[in-house]
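K.L.:
Sequence:
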Amino acid sequence: MTEIEKLVATVEHSQRNELPEEFIGLFREDAIWTTAHGKRLTGRDEIAAFTRQRLPGSTKEGTATYEVENVLFIRPDVAAVKIRQRPVRPDGTPSEQNEGSPLYVLSKEDGTWKIAAGQNTIVL
1 MTEIEKLVAT VEHSQRNELP EEFIGLFRED AIWTTAHGKR LTGRDEIAAF
51 TRQRLPGSTK EGTATYEVEN VLFIRPDVAA VKIRQRPVRP DGTPSEQNEG
101 SPLYVLSKED GTWKIAAGQN TIVL
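First residue of the sequence shown? That's 1 in UniProt numbering, and the numbers climb one at a time after it.
Take every hint as true, because none was put in to throw you off.
Only pairs whose alpha carbons sit at most 30 Å apart, straight line, appear in this in silico DSS-like list of lysine-lysine: (1) K6 - K82; (2) K82 - K108; (3) K82 - K114; (4) K60 - K82; (5) K39 - K82.
The hints are simulated quantities; they were obtained by calculation from the structure and are not laboratory data.
In this text the structure is predicted, and so the values were computed from the model without any measurement.
Generate coordinates for the entire structure from the input sequences, incorporating the hints supplied.
P.N.:
This is the structure we're talking about:
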């Protein structure tokens with residue numbers, strides 16, 4: 001598993017297990033994050049406040065799997081990562097909900113990949 005795949009696996013783990021601090025730790029201080037419903041969050045503090053409010057209790061109805069589909073290295077330390085997000089029920093079986101199609105822009109900070117920007121989109 002590559003470092004980028006590990007970061008995406010950590011996103012999935014933090015979401016499935018409702019771990020706000022683990023999720024927040026994946027972002028640069030100045031990150032931009034847009035939710036699947038179009039809410040733009042600017043900076044880790046705003047992302048953190050939103051995550052701490054919304055993530056706990058969010059997996060009652062289900063969660064999602066995250067699969068890296070494509071990585072485009074813009075530079076050796078900047079990558080655009082396309083992800084396939086498949087909804088699953090709490091027991092892990094597939095859900096009828098629409099898939100998500102996140103795009104993350106990652107940057108390498110002190111040797112560690114961090115999310116610089118992210119946009120999730122619901123696939124209709």
